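Keeping their order, the protein sequence lines are chains A and B.
Under my numbering, think of the first position of the first sequence as 1, with each following residue one higher.
Under my numbering, think of the first position of the second sequence as 1, with each following residue one higher.
Check each hint, because a few of them may be wrong.
Where chain B lies over chain A, by a calculated footprint (3+ residues, C-beta under 8 Å) [claimed, not checked]:
#, segment
1, 22-30
2, 210-223
3, 488-494
Read the hints as simulated data drawn from the structure, not as lab findings.
Here the structure is a predicted model, which is why all the values come from computation and not from measurement.
Note that beta-carbon positions come from the ideal geometry of N, C-alpha and C, so glycine has one too.
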Amino acid sequence: MATTPFGIFGAGGAGTWQPDPTFYPSPRLAASAPREELAYIVTLNPDAIGGDRAARPDALVVADVNPSSPTYGSLVGRVEMPNAGDELHHFGWNACSSALCPYAPHPHVERRYLVVPGLRSSRIHILDTKPDPAHPRLVKVIEADELARRAGYSRPHTVHCGPDGVYLSALGAPDGEGPGGIFLLDHERFDVLGRWEIDRGEQHLAYDFTWHLGWDTVLTSEWGTPSMVEAGVNPELLLAGKYGHQLHVWDLRKRRKVQSLDLGAEQQMVLELRPSHDPTRAFGFVGVVTSLKDLSASVWAWYRLDDPIFGDASARPRPGEEWAIRKVIEIPAEPADPDTLPPALKPFGAVPPLVTDINLSLDDQSLYVSCWGTGDFKRYDVSDPFHPKLTGNVRLGGITSHGAHPASGPLNGGPQMVEVSRDGKRVYVSNSLYASWDAQFYPEGVRGWVAKFDAPEDGSLHLDPRFFLEFDGERPHQIRLQGGDASSDTFCYP
Amino acid sequence: MPDLAAILADGPWVTLGLLGAWHGVNPGMGWLFAVALGLQRRSRRVVVSALVPIAVGHELSLVATTAIGAVLGAAIDPRYVHPVAAAVLVAFGVIKFVRPRLHPRWTSFRVSHIDLVWWSFLMASAHGAGLMVLPVLAGWSPTSLDLAAPHDHAGPVALVLGDASLPTTVAIVRGVAAVSLHTLAMVLAMTTVAVLVYERLGVQVLRRAWVNVDQLWAIALVATGMVTFFT
Chain A
1 MATTPFGIFG AGGAGTWQPD PTFYPSPRLA ASAPREELAY IVTLNPDAIG
51 GDRAARPDAL VVADVNPSSP TYGSLVGRVE MPNAGDELHH FGWNACSSAL
101 CPYAPHPHVE RRYLVVPGLR SSRIHILDTK PDPAHPRLVK VIEADELARR
151 AGYSRPHTVH CGPDGVYLSA LGAPDGEGPG GIFLLDHERF DVLGRWEIDR
201 GEQHLAYDFT WHLGWDTVLT SEWGTPSMVE AGVNPELLLA GKYGHQLHVW
251 DLRKRRKVQS LDLGAEQQMV LELRPSHDPT RAFGFVGVVT SLKDLSASVW
301 AWYRLDDPIF GDASARPRPG EEWAIRKVIE IPAEPADPDT LPPALKPFGA
351 VPPLVTDINL SLDDQSLYVS CWGTGDFKRY DVSDPFHPKL TGNVRLGGIT
401 SHGAHPASGP LNGGPQMVEV SRDGKRVYVS NSLYASWDAQ FYPEGVRGWV
451 AKFDAPEDGS LHLDPRFFLE FDGERPHQIR LQGGDASSDT FCYP
Chain B
1 MPDLAAILAD GPWVTLGLLG AWHGVNPGMG WLFAVALGLQ RRSRRVVVSA
51 LVPIAVGHEL SLVATTAIGA VLGAAIDPRY VHPVAAAVLV AFGVIKFVRP
101 RLHPRWTSFR VSHIDLVWWS FLMASAHGAG LMVLPVLAGW SPTSLDLAAP
151 HDHAGPVALV LGDASLPTTV AIVRGVAAVS LHTLAMVLAM TTVAVLVYER
201 LGVQVLRRAW VNVDQLWAIA LVATGMVTFF T
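Here chain A stands alone, though its shape is the one from the complex (with noise of 0.2 Å):
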């Protein structure tokens, strides 16, 4: 890719001539895409997490997922943060296809730099992948204490990269409590440019969050404030129904909440949101942890009551009240014998399918559903979005089962993070969730592994037995492809 002819005399970055290839107007241009080669994963160093701090940082790896490379399967770059603890977990680009939106276009820029918060120390790195994809390096932290200063904001999670800027989620305030929200990095030199929301009203806590841009819509999801969730899942508030349980519907102009969706108090931890990508449609699909009736696991699905295809187009429904939301999917708790349990589950003696991580393919055709405590991992058909059909299932890991790789033994952790290829034919998982989550539901220790499925036209997963990525001493998360995956990018043209 050139840069501009006269790119030298642009000091501030003279941007490319042509917009950068991976930006697609579409979802179909970019489910076109050529395949991946790389793959970006974060790890975490669990006895950092422990205090322990002469242990290693952890890093960013890179991952060869060229199946024509001799290294085919193994990673082959490695970057490691400046401190020990950070506890990396979600991350992002600094730019992507919704660069190419109409209202705020700036196409020149590049999908080029990763921004990987510590979800622990709320420190946020900024990573170049030029000019060798395989081996980034570290070119800025954003230090805990400018994020509190500038935006209130402390353990930052989910990175979208949004037509002006790059948006980031918080779960909460420095001091370990709420409301958690969304704030702003300037997509070129990644200042903190402050919190996003006007009027919150009465939102306070925060995980995940995405949009409908061609709604003007935002939604945000709830897991816990950092006090709740940072020394591992409270028992007592969890019975109590504490944790999150709510959907928030914003309005991305106005930067106020219109609308919360309740779940019900049982429906605790609604977690990763994944919209349509097709803008002209207002749905998506929303995984929920676990119930608190019988430890089943939920996916439900939110809609625009005028959603031109299975909503009612002619509907003129009253703001504040234009979405809708409803289970779809529910995945039953497995009765296990309490000797086999971790003692957090001995009094339930049931293994719950803790729905920890869903992914939507571009086409918004298939939904793939983590069950991080009994190791399923299940492919949906979701052409209907309200009547998914289960088409494909493959057990790896698991509270009980540690159901076996090809090319291992049992394992243990389940799926967790999933990550689905532009052209939808290839997903990878990922097993640990959360270092003091880890340890209460695997309290043997997560050993790290990622693993991909191939994912034909007719709805099956199937194992590659060549790729399986065993991690020593650390865990892997939140995995990001080259150019970009179903997860990273979002398109303002159908």
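Using the hints provided, position chain B relative to the given structure of chain A.
Chain B alone, transformed into the frame defined by chain A:
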């Protein structure tokens, strides 16, 4: 009072038309927003009707810039008109160099026609569309008019509207004619590109055709400023 033909003689019509067409084909000036709105509602009618407020906003920005230029030109000591105009153009060009993606913040897709007028006004102003038209208008030589008053002392900006050497009526007629031509060219170019992309090419054309002219634009501004300074 000279007749209309004399007033409009020797106008920089070609330049104005080309500038209008240039603004029209630039995706950042609005046709792309119109296409996106049409795709969102699956309607070509939406595309075309969105172009109207976009054109209005753009021309309002032009009128505002030229009016400000004219007033300043009339207010400033004629000796300083050239240097001040040159400084403004060069400064704007340099800003465009250093921060090519600096533009007003806008985060809304679901817009009314009033919103579109305001959006287009902001984008055209931030882009410096009027600053490029200003020197063209200013360079419109008054010598073809049989005017009694001497005008050699007047700077180019002053001649746009308010300078004493050019009767106000003449200046306004010229301004209206220039803006109308610019609008016509822009609307033609915009509509052609928008309909072509909506109906035939599809938005994938953006991936290759959306070339980065920010710096060419910045250079043009600086160069115009230089020329203004030395003339």
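Hints, one by one, checked against the model:
| no. | hint | in the structure |
| --- | --- | --- |
| 1 | 22-30 | holds (count 5) |
| 2 | 210-223 | holds (count 4) |
| 3 | 488-494 | holds (count 3) |
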